[in-house]
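Peer 1: Sequence:
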Amino acid sequence: MDVYLAVLTSPDVQLAALALLGTTVAQSLVALWAAISDRHWFVRALAVWGAVALLLPIRAYEPALLFAISSASIVAILSARRYWQARRREARLKPLGIPTKTAVRFGLGDLFL
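Everything in the sequence shown is counted per my numbering, starting at 1078 for the first residue and increasing by one.
No lab work stands behind these hints: they were computed from the structure.
It is possible that part of the hints are untrue.
Claimed, not checked - Restraint ranges, calculated between C-beta atoms of paired labels, are given here: (1) Leu1133 with Leu1155: 22 to 30 Å; (2) Met1078 with Phe1119: 51 to 59 Å; (3) Gly1127 with Val1084: 45 to 53 Å; (4) Val1090 with Arg1166: 43 to 51 Å; (5) Val1084 with Ala1168: 12 to 20 Å; (6) Tyr1138 with Leu1092: 30 to 38 Å; (7) Ser1105 with Val1084: 21 to 29 Å; (8) Asp1079 with Arg1166: 57 to 65 Å.
Idealized CB from N, CA, C, for every residue including glycine.
Please build the complete structure, drawing on both the sequences and the hints.
Peer 2: Below, the structure written as structure tokens:
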């Protein structure tokens, strides 16, 4: 048991664990930012793919593939959740006559008049 404790407390193992944990946290934070941000979709997609591409120079192909798939799924799930919450809020407020915020204020018919 003392051998395992010595291995776990060695600086080399601690540094490797910190690097793995830091990479995971950074990738997850980029994916969460992209999912909840109001920036243009292309900027968010570029940030996610840029974070994944940062893993390629260190030859971390398998983690890059894992983060590419999981980041895209996190963004898709949280975006769908936001969409469904907005629809539910709109359905709840519409019968009361309370105006809801819409993405498009005027239709094409209004613009071409």
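Peer 1: Determine for every hint whether it applies to the structure shown.
Peer 2: So, going through the hints one by one against the coordinates:
1. Leu1133 with Leu1155: 22 to 30 Å: 25 Å, holds
2. Met1078 with Phe1119: 51 to 59 Å: At 53 Å between Cβs, range holds.
3. Gly1127 with Val1084: 45 to 53 Å: 35 Å, violated
4. Val1090 with Arg1166: 43 to 51 Å: 49 Å, holds
5. Val1084 with Ala1168: 12 to 20 Å: 57 Å, violated
6. Tyr1138 with Leu1092: 30 to 38 Å: 22 Å, violated
7. Ser1105 with Val1084: 21 to 29 Å: The hint (21 to 29 Å, Cβ to Cβ) holds, given that Ser1105 and Val1084 are roughly 27 Å apart.
8. Asp1079 with Arg1166: 57 to 65 Å: Since Asp1079 and Arg1166 have Cβ atoms about 59 Å apart, the given range 57 to 65 Å holds.
Figure legend: structure checked against the earlier numbered hints; hints not met, in rising order: 3, 5, 6.
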